[in-house]
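**Q** From first to last, the protein sequence lines are chains A and B.
Using our numbering, read the first sequence as starting at 218 and increasing by one per residue.
Using our numbering, read the second sequence as starting at 30 and increasing by one per residue.
By construction, these hints were calculated from the structure, which means they are not laboratory data.
The structure displayed is predicted, hence computed values, not measured ones.
Incorrect hints may appear among the rest.
Derived lysine to any residue pairs resembling SDA-like cross-links, with alpha carbons at most 25 Å apart [said to hold, decoys possible]:
| hint | chain 1 | residue 1 | chain 2 | residue 2 |
| --- | --- | --- | --- | --- |
| 1 | B | Lys367 | A | Gln333 |
| 2 | A | Lys274 | B | Ile387 |
| 3 | A | Lys279 | B | Ser343 |
| 4 | B | Lys401 | B | Ile363 |
| 5 | A | Lys331 | B | Ile387 |
| 6 | A | Lys274 | B | His347 |
| 7 | A | Lys235 | B | Ile363 |
| 8 | A | Lys330 | B | Ile363 |
| 9 | B | Lys367 | A | Gly337 |
| 10 | B | Lys367 | A | Ile309 |
| 11 | A | Lys274 | B | Arg384 |
| 12 | B | Lys367 | A | Glu324 |
| 13 | A | Lys235 | B | Glu340 |
| 14 | A | Lys219 | B | Lys367 |
| 15 | A | Lys331 | B | Glu340 |
| 16 | A | Lys220 | B | Glu348 |
| 17 | B | Lys529 | A | Lys279 |
| 18 | A | Lys330 | B | Ser343 |
| 19 | A | Lys330 | B | Glu376 |
| 20 | B | Lys367 | A | Lys279 |
| 21 | A | Lys235 | B | Asp370 |
| 22 | A | Lys285 | B | Leu427 |
| 23 | A | Lys331 | B | Ile356 |
| 24 | B | Lys383 | A | Lys291 |
| 25 | A | Lys330 | B | Lys367 |
| 26 | A | Lys330 | B | Leu353 |
| 27 | A | Lys220 | B | Ser557 |
| 28 | B | Lys383 | A | Gln228 |
| 29 | A | Lys219 | B | Gly366 |
| 30 | B | Lys383 | A | Phe236 |
| 31 | B | Lys367 | A | Cys245 |
| 32 | A | Lys235 | B | Leu427 |
| 33 | B | Lys367 | A | Glu239 |
| 34 | B | Lys401 | A | Val231 |
| 35 | B | Lys383 | A | Glu232 |
| 36 | A | Lys279 | B | Glu476 |
| 37 | B | Lys367 | A | Phe236 |
| 38 | A | Lys279 | B | Glu348 |
| 39 | B | Lys383 | A | Glu324 |
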Amino acid sequence: MKKILIVDDEQDIVESLKFVLEVSGFVCYTAYNGEDGLKLAKEIMPDLIILDVMMPKINGYKISRLLKYDNKYKDIPIIMVTARSQLEDKMIGEETGVNEYITKPFELDDIVKKVQEYLGESGEA
Amino acid sequence: MTKFLLISEDSEKERIIKEVFPSDEVIVSVEETLIFDILKVEEPDIVIVDGDIDSLDLKHICRKIKHYPVIILLILGEKEHNKDVTHNANLFIKMPIDKKLLAATVDSSLKTRLSLLRMAKSNQELARSLYQLNVLYNTSSQLAGTLDKDKLIKIMIEGIEKSLNFELSCTLMFRSEREPVLIINSLYKVSDRLLEALKLRAILSYKSLLSDPPFDIKIGNLKIEKNIKHNIQEYDFSVLRFDNMFAPISLNDEFFGFTEIYREKPFSTEDATCFQTLVQQVTIPLQSASFTQELKATNRKLEKLERLKSEFISIVSHELRTPLTAIKNAMDIILSGKAGDMTENIEKFVSMGKRNAIRLSGIINDLLDISKIEAGKMDFKFELIHIEPVIEYVKNNLTEVAKEKNLTIKYTPSGDDVEIYGDSNRLEQVLTNLVSNAIKFTPDAGEIDITSKVVNARELQYDHCFEDDIKKLQGNYLQVCVEDHGIGIERKDLNHVFDKFAQIENSLSRKVGGSGLGLPIARQLMESHNGAIWCDSEINKGSRFYFVIPVANDKSNFVMIKKQLIQKARSNGTTLAVIKIKSTNDVIENLMKENNLLNKTYMANSLIEKDGSMTSLSLILMDGDKPSAEFLKKKIDSVVEQNKDLYGECDIMYSYEIEGDTHEKDSYSR
């Protein structure tokens with residue numbers, strides 16, 4: 218089963234994402250702040266990470282940078298989710314190696330489709 | 030009384046002279062050193078030289094006396110004199126002395142001398158006045174160059190010093206409302222007790238000048254600024270005995286301070302006039318400076334408010350969007366059936382919730398858009414585009430929605446192959462809004478027509494309530510029209526449909542919902558495109574919404590394109606300016622080439638013709654240093670000012686590039 222890590226300080230958003238992704242057959246791990254998210258990422262080696270930008274302690278860009286500049290984790294796809302839609306934010310995202318960029322409010326279906334693009338139709342390995 | 034210096038050993042001659050001029054003073058000497066001391070100290074009017082003197086070298090003496098402002102009268106006697114002696118004398122008299130002739134000669138030459146002296150004096154006075162006038166002129170032109178209170182006062186004091194040579198001056202000014210400063214300019218050091226006395230005097234003057242002083246000045250809060258020229262000596266109370274002049278610096282009811290000057294040499298009436306004029310000259314610039322200071326403070330406040338507003342909106346929008354996303358997600362999950370089975374009623378009400386969540390999110394987006402546009406923070410991506418793909422895109426996007434009401438959307442392009450300069454995303458937004466409105470207001474099974482064509486601004490037809498927006502348009506435009514066959518809008522409401530939040534009192538419009546911001550946003554977006562938007566309508570027959578955007582590369586639309594160029598250049602981070610190009614940024618140069626705007630390089634000075642008119646360039650770039658840029662800016666400003674009808678519409682931006690890539694932006698448009 219493919220592992221997905223969801224990092225967002227909005228619990229409700231994490232819950233709904235987790236629900237739809239698990240229904241689609243993925244295993245989800247969750248963290249509600251950047252610090253836990255980074256720790257968990259190194260611990261479980263997920264197949265994909267869904268990352269929020271604005272978070273307490275360590276923000277999404279920082280996590281993305283830390284992972285993408287580390288050979289061990291650089292191949293994990295990262296989908297960045299944020300309320301910001303400014304062009305410059307997108308550029309920062311690209312610079313830090315984010316694979317996808319989705320702005321809030323998003324459709325749950327869109328995220329599931331994006332995840333499936335990276336990991337295949339279902340979570341079965 | 031006339032003073033004579035007689036250089037003679039002959040007592041007979043002395044006697045004669047004293048006899049002829051009994052009431053005058055006659056000094057006699059033959060000592061060479063003494064002669065020149067007398068000339069210096071006694072300042073005689075006439076020197077009478079006895080030609081028969083043996084003990085002196087007359088030639089040498091006469092030549093030396095010549096340097097003094099005296100009349101030299103030579104008494105020619107037995108001795109033969111060479112030219113060198115006679116040449117240096119003004120008058121001659123032969124021996125034996127004719128008393129009458131002597132008296133007459135001396136009298137007439139004295140008169141001549143007097144008038145010569147008078148003339149020299151008035152010449153000197155004239156020169157002095159001229160100098161003062163010159164100082165006045167210089168000071169006034171210097172005053173015009175700044176709006177800094179400190180500098181203005183400094184220029185005034187310098188002007189007074191140059192023209193009146195005072196020993197000490199005391200000037201009271203207010204750096205800000207509650208910051209009185211006493212500026213003391215002095216030739217020598219100022220003793221402590223003199224300083225205290227000057228302070229007290231200033232405070233007393235301030236209190237006596239204003240019947241109701243707005244601000245209490247005390248020894249404690251009066252700041253002192255001393256400018257001492259020479260440290261070699263110190264002034265004490267003696268200065269207060271000097272001649273002095275005092276003048277308040279005030280304009281009408283506004284009081285800026287005062288200045289007082291002390292001079293050992295008494296002041297003349299001309300000096301007083303000069304002083305008053307100099308002080309008066311500074312008042313108007315000082316008033317402007319005060320206004321500028323206030324304006325700047327207000328501006329800073331406004332900027333802060335604006336920033337707060339933007340921050341507020343961005344925070345609020347984030348805070349609102351996040352829970353909204355959660356609500357929508359939750360309802361999506363229920364509606365997808367993944368969370369379990371639901372009854373028909375559950376589906377109906379959750380759908381209702383979702384529909385409203387989407388609507389709320391639309392309103393938040395609209396609010397964000399309008400606040401961004403109003404703050405000038407909307408990002409545009411202007412490029413040369415065709416309108417057809419934009420219309421097709423919107424049409425395809427909304428076909429599904431239209432189908433739900435059994436409506437059809439028809440698009441008829443005119444076939445004119447023209448390009449416009451626009452942001453396709455924003456144009457999509459405008460068009461989506463118009464077509465959505467049309468869908469909302471058209472009853473089931475109707476038709477919505479979209480057309481596009483090229484029109485000239487003169488051919489446009491519109492209700493006069495839109496005149497302000499449309500009459501400024503010139504040249505060729507691409508016009509898009511969205512026509513519905515719905516309920517229509519009453520004539521009195523036509524203009525209000527573009528007002529913020531002004532939803533027309535119409536049951537249907539309430540029913541169909543919306544933020545009430547769609548059309549105001551569309552109007553703002555059109556303005557950013559140098560276009561316009563308007564509508565006409567017939568009750569129960571339908572409405573037509575039109576928008577126009579200038580056709581790109583249309584020569585008659587020069588002003589518009591230029592504006593767009595400036596916008597484009599701005600978004601590229603390049604600065605545009607009036608003034609010449611030498612070697613300029615590639616971005617701008619290409620931009621100009623693309624649009625055939627400038628294919629000549631003008632030297633800074635050839636820009637302005639000899640007759641004062643300006644080469645008809647609409648956009649000029651500059652490359653050079655700041656001082657020359659400012660110089661030319663002033664020049665161009667004055668040309669534009671003088672020919673308002675000619676250049677009134679013309680946009681001028683100034684900026685300089687300093688050392689490579691650093692831009693110092695000082696651009697504004699007229």
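**Q** The structure should be examined with respect to each hint, and the outcome stated for every one.
**A** Verification of the hints:
Pair hint B/Lys367 plus A/Gln333 holds up; C-alpha atoms about 18 Å apart against a cutoff of 25 Å. For the proposed pair A/Lys274 and B/Ile387, the alpha carbon gap of about 32 Å is over 25 Å, so the pair is violated. Among the hinted pairs, A/Lys279 with B/Ser343 is consistent with the structure: their alpha-carbon atoms are about 22 Å apart, no more than 25 Å. Straight-line distance between C-alpha atoms of B/Lys401 and B/Ile363 comes to about 35 Å, which puts the hinted pair past the 25 Å bound.
Restraint check for A/Lys331 and B/Ile387: satisfied, since their Cα atoms lie roughly 22 Å apart, inside the 25 Å limit. Using a Cα cut-off of 25 Å, the hinted pair A/Lys274 and B/His347 holds, with the two alpha carbons roughly 19 Å apart. For the suggested pair A/Lys235 and B/Ile363, the alpha carbons sit about 14 Å apart, so the restraint of at most 25 Å is met. Proximity of A/Lys330 to B/Ile363 is assessed by CA-CA distance (about 18 Å); at most 25 Å being required, the pair is judged to hold.
Pair hint B/Lys367 plus A/Gly337 holds up; C-alpha atoms about 20 Å apart against a cutoff of 25 Å. Between B/Lys367 and A/Ile309, the direct Cα distance comes to roughly 36 Å. Violation of the 25 Å bound is thereby established for this hinted pair. Of the supplied pair hints, the one linking A/Lys274 and B/Arg384 is violated, its CA atoms being roughly 36 Å apart against a limit of 25 Å. Annotation: proposed proximity of B/Lys367 to A/Glu324 holds, straight-line Cα distance about 15 Å (limit 25 Å).
The suggested pairing of A/Lys235 with B/Glu340 is violated, with an alpha-carbon distance near 32 Å, which exceeds 25 Å. Distance check on the hinted pair: A/Lys219 and B/Lys367 sit about 20 Å apart at the alpha-carbon level, within 25 Å; holds. Between the alpha carbons of A/Lys331 and B/Glu340 the distance comes to roughly 32 Å, so the proposed pair goes past 25 Å and is violated. With a CA separation close to 30 Å, the supplied pair A/Lys220 and B/Glu348 exceeds the 25 Å bound.
Proximity of B/Lys529 to A/Lys279 is assessed by CA-CA distance (about 41 Å); at most 25 Å being required, the pair is judged violated. Only pairs whose Cα atoms come within 25 Å are accepted, and A/Lys330 paired with B/Ser343 is rejected, the gap being roughly 29 Å. With a CA separation close to 24 Å, the supplied pair A/Lys330 and B/Glu376 stays within the 25 Å bound. Restraint check for B/Lys367 and A/Lys279: not satisfied, since their Cα atoms lie roughly 35 Å apart, outside the 25 Å limit.
With a C-alpha separation of about 19 Å, the suggested pair A/Lys235 and B/Asp370 falls inside the 25 Å cut-off, and the hint holds. Our distance criterion of 25 Å between C-alpha atoms is broken by A/Lys285 and B/Leu427, whose separation comes to about 41 Å. A distance of roughly 21 Å separates the Cα atoms of A/Lys331 and B/Ile356; the hinted pair therefore holds under the 25 Å criterion. For the proposed pair B/Lys383 and A/Lys291, the alpha carbon gap of about 38 Å is over 25 Å, so the pair is violated.
Proposed proximity of A/Lys330 and B/Lys367 is supported: the alpha carbons are some 16 Å apart, at most 25 Å. Distance hint between A/Lys330 and B/Leu353 is fulfilled; the C-alpha atoms sit about 21 Å from each other, no more than 25 Å. With a C-alpha separation of about 48 Å, the suggested pairing of A/Lys220 with B/Ser557 is violated against the 25 Å cut-off. Restraint check for B/Lys383 and A/Gln228: satisfied, since their Cα atoms lie roughly 20 Å apart, inside the 25 Å limit.
In summary, the hint linking A/Lys219 to B/Gly366 is supported, as the alpha carbons are separated by about 24 Å, within the 25 Å threshold. Between B/Lys383 and A/Phe236 the alpha-carbon distance is near 18 Å, which keeps this suggested pair within the 25 Å criterion. Taking the CA atoms of B/Lys367 and A/Cys245, the gap is near 17 Å; set against the 25 Å cutoff, the hint holds. A hinted pair counts as satisfied when its Cα atoms are at most 25 Å apart, and A/Lys235 with B/Leu427 does not qualify at roughly 32 Å.
For the suggested pair B/Lys367 and A/Glu239, the alpha carbons sit about 10 Å apart, so the restraint of at most 25 Å is met. Pair hint B/Lys401 plus A/Val231 does not hold up; C-alpha atoms about 30 Å apart against a cutoff of 25 Å. The straight-line distance between the Cα atoms of B/Lys383 and A/Glu232 is roughly 18 Å, inside the 25 Å bound, and the hint therefore holds. For the given pair, A/Lys279 sits about 53 Å from B/Glu476 by alpha-carbon distance, which is inconsistent with the 25 Å threshold.
Of the supplied pair hints, the one linking B/Lys367 and A/Phe236 holds, its CA atoms being roughly 9 Å apart against a limit of 25 Å. Note on A/Lys279 and B/Glu348: the hinted pairing holds, with a Cα-Cα distance of about 22 Å set against a maximum of 25 Å. For the given pair, B/Lys383 sits about 12 Å from A/Glu324 by alpha-carbon distance, which is consistent with the 25 Å threshold.
Violated hints, in rising order: 2, 4, 10, 11, 13, 15, 16, 17, 18, 20, 22, 24, 27, 32, 34 and 36; the structure is consistent with all others.
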